[in-house]
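Take the given structure of chain A and dock chain B to it, following the hints.
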Amino acid sequence: MSSFRGKSRITAAAAAVALAGALTSCVPAAPAGNATPNSGPSGALTVFAASSLKATFTRLAAEFEARNPGTKVTLSFAGSSDLATQITQGAPADVFASADTRNMSRLADAGLLDGTARNFATNVLVIAVPPANPASVTSFADLARPGVKVVVCASQVPCGTAADAVEKAAGVTLSPVSEESSVTDVLGKVVSGEADAGLVYVTDVKGAGAKVKGIPFHESGEAVNTYPIAAVGPGRNNELAEAFIAMVAGADGSAILSEAGFGAP
Amino acid sequence: MDDTQTKETMKQARNGAYGGIPRWVYAIAAAGGLLVLLPVAAMVAKVNWPQFIPLVTSESSMTALGLSLRTSAASTALCLVLGVPLALVLARGRFPGQGLLRSFVLLPLVLPPVVGGIALLYTFGRQGLLGRTLEVAGLQIAFSTTAVVLAQTFVALPFLVVSLEGALRTAGNRYEEVAATLGARPTTVLRRVTLPLVLPGLASGAVLSFARSLGEFGATLTFAGSLQGVTRTLPLEIYLQRETDADAAVALSLVLVAVAAAVVALAYRRPRSADISLAGRKSPTAAPASGGGVP
Chain A
1 MSSFRGKSRI
11 TAAAAAVALA
21 GALTSCVPAA
31 PAGNATPNSG
41 PSGALTVFAA
51 SSLKATFTRL
61 AAEFEARNPG
71 TKVTLSFAGS
81 SDLATQITQG
91 APADVFASAD
101 TRNMSRLADA
111 GLLDGTARNF
121 ATNVLVIAVP
131 PANPASVTSF
141 ADLARPGVKV
151 VVCASQVPCG
161 TAADAVEKAA
171 GVTLSPVSEE
181 SSVTDVLGKV
191 VSGEADAGLV
201 YVTDVKGAGA
211 KVKGIPFHES
221 GEAVNTYPIA
231 AVGPGRNNEL
241 AEAFIAMVAG
251 ADGSAILSEA
261 GFGAP
Chain B
1 MDDTQTKETM
11 KQARNGAYGG
21 IPRWVYAIAA
31 AGGLLVLLPV
41 AAMVAKVNWP
51 QFIPLVTSES
61 SMTALGLSLR
71 TSAASTALCL
81 VLGVPLALVL
91 ARGRFPGQGL
101 LRSFVLLPLV
111 LPPVVGGIAL
121 LYTFGRQGLL
131 GRTLEVAGLQ
141 IAFSTTAVVL
151 AQTFVALPFL
161 VVSLEGALRT
171 AGNRYEEVAA
181 TLGARPTTVL
191 RRVTLPLVLP
201 GLASGAVLSF
211 ARSLGEFGAT
221 LTFAGSLQGV
231 TRTLPLEIYL
241 QRETDADAAV
251 ALSLVLVAVA
261 AAVVALAYRR
271 PRSADISLAG
281 RKSPTAAPAS
291 GGGVP
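Going down the list, the protein sequences come from chains A and B.
If you're matching positions, the first sequence starts at 1 in this note's numbering and goes up one per residue.
If you're matching positions, the second sequence starts at 1 in this note's numbering and goes up one per residue.
Keep in mind that the hints were calculated from the coordinates and are not lab data.
Keep in mind that this is a model prediction, so the values were computed, not measured.
C-beta atoms are modelled at their ideal positions from N, C-alpha and C, and glycine is treated no differently.
Take the hints with a grain of salt, since some may be wrong.
Here are a few chain B residues that sit away from chain A, every Cβ distance over 12 Å (derived from the structure) [said to hold, decoys possible]:
1) Arg70
2) Pro85
3) Ser103
4) Gly128
5) Leu240
DEER-style ranges, computed between Cβ atoms [unchecked claim]:
6) B:Leu69 / A:Asp252: 50 to 60 Å
7) A:Asp164 / B:Val25: 37 to 47 Å
8) A:Lys206 / B:Gly138: 34 to 44 Å
9) A:Val224 / B:Gly99: 34 to 44 Å
10) B:Gly99 / A:Thr122: 49 to 59 Å
11) B:Val115 / A:Pro134: 43 to 53 Å
12) A:Ala144 / B:Met43: 48 to 58 Å
13) A:Ser76 / B:Ile28: 27 to 37 Å
14) A:Ser76 / B:Gly32: 45 to 55 Å
Isolated chain A (complex conformation) (with noise of 0.2 Å):
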């Protein structure tokens, strides 16, 4: 009796350790690029971008691999508050591209960056309807007649200040029927034709093709949003991360991105 208690005591330890590996193993490591330091730029790289940089991310990363063999980019996508508290909680990123200088300046000032963060693109919001117009949006002022149904970002994300910003500056008090919480979402609802129209950047509209049509407006100069770039925390693969925020902030960045419909800083 007394073995069998024994044996079972030891079945529950090994479980226990079964148990706990398996769950240490769920964090994800460190990227595996610090071994190879001294010959040239390789390894691996863990890029964290604003979602609104997913299309030219992409292609940038594709040919940053293209261009230093031996180099492996992840990229990893969601709205900068979001990821800029990954960051602050030890999520492994070597870069951080933010769509808005706050959120930037929030991991500056926790001391998680390693040098000064780079603006390399601007981003300016856009009237998007969809494709037949049906409430003949023409003009920003046109928002706030009575049954245009307008979707707007909430205020505390970077979307919707920017549109308090424009509505002041506009001089036009918008009643939208939403607010949310993400520019995708608003752009969602106009590609869906449940809303007249929305307020998304100018990218957006462009890489939506021809389910959305853009109306730019003048007054959008008002609130232009930079898009910084900075090298995360000392001590992980900086010489990769220099060469790739050279590259996003260098020509070849740039043209990708004003193909994207990004202005320059």
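For chain B alone, kept in the frame of chain A given last:
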């Protein structure tokens, strides 16, 4: 319940181990418990207590909580209206395609809520299957509180149906047969015998539906939008607050956890006390409503 306990005791006697469960099971069970408990505890530890009351009672928070409670109550009512007949038909009826119907009713349980939202959008949206007809009739669902209730009902309905169907199967239909032989019409049997018999299952199903509605996020975000006082329920408010004010998000999360915990506790206490009151009328295995399995 006594029956199963006796069986357990007999099994233990046979094995000669009075603890009943091997000790290593406790170790793994503890790890499982911790997996749920630890994150909640970590969140509680993060709460900014001095600011808790102002954060939770801010205008936007109270509006979101009020909207959440109102829409969840409406969804639960809608779940009862639609779910009770569905459960009855699935448990007692005999018709071709019954298995298929059950699979479809249970689908929202396993579907990611975002997918549910997209499906609802293409049904009730302006450009959707029914949306255009509804718009002609003067009904606009998009961006309205109705859309929130629809999204919540969509995800919560299976909880009620599963609970009730399980209860109906466990209860058996002997009492209904007796009532019918005594001359009661089907509607009378349903009202006087069937429903009182499965009341505990019905209650816990309703409570679970309410809890699921309260936590609904993905389908609402996709389908209904987010506007204070109209469609921005508490989970959506938390998601938004998280962008700028982590303290507010954590405080509101705690409120939601508290409400959810209270609701779940209610759901698991109800059936037991109700079983006792029904014990005289009802026989063998009065399993809790969620136990759909028939022994």
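So, going through the hints one by one against the coordinates:
At roughly 18 Å, the least C-beta separation between B:Arg70 and chain A is larger than 12 Å, which holds for a residue marked as non-interface. Residue placement check: B:Pro85 keeps its beta carbon more than 12 Å from all beta carbons of chain A (closest about 31 Å). No beta-carbon of chain A comes within 12 Å of the beta-carbon of B:Ser103; the shortest separation is about 28 Å. For B:Gly128, the condition that its CB be more than 12 Å from all CB atoms of chain A is violated, with the nearest at approximately 9 Å.
Listed as outside the interface, B:Leu240 is inconsistent with that label: its C-beta sits roughly 5 Å from the nearest C-beta of chain A, within the 12 Å cut-off. The hint said 50 to 60 Å for the Cβ distance between B:Leu69 and A:Asp252, and at roughly 54 Å that hint holds. Against the hinted window of 37 to 47 Å, the Cβ-Cβ separation of A:Asp164 and B:Val25 comes to about 57 Å, which falls outside the hint. About 37 Å separates the C-beta atoms of A:Lys206 and B:Gly138, a value consistent with the hinted range of 34 to 44 Å.
Checked against the hint of 34 to 44 Å, the C-beta distance between A:Val224 and B:Gly99 comes to roughly 59 Å, which is inconsistent with it. Evaluation of the 49 to 59 Å hint for B:Gly99 and A:Thr122 yields a pass: the beta carbon distance comes to about 58 Å. The hinted window of 43 to 53 Å between B:Val115 and A:Pro134 is violated, with their beta carbons roughly 27 Å apart. In this structure, A:Ala144 and B:Met43 break the distance hint of 48 to 58 Å, their C-beta atoms being roughly 41 Å apart.
Judged by the Cβ atoms, the range 27 to 37 Å given for A:Ser76 and B:Ile28 holds: they are separated by roughly 33 Å. A beta carbon spacing of about 30 Å between A:Ser76 and B:Gly32 contradicts the range 45 to 55 Å that was offered as a hint.
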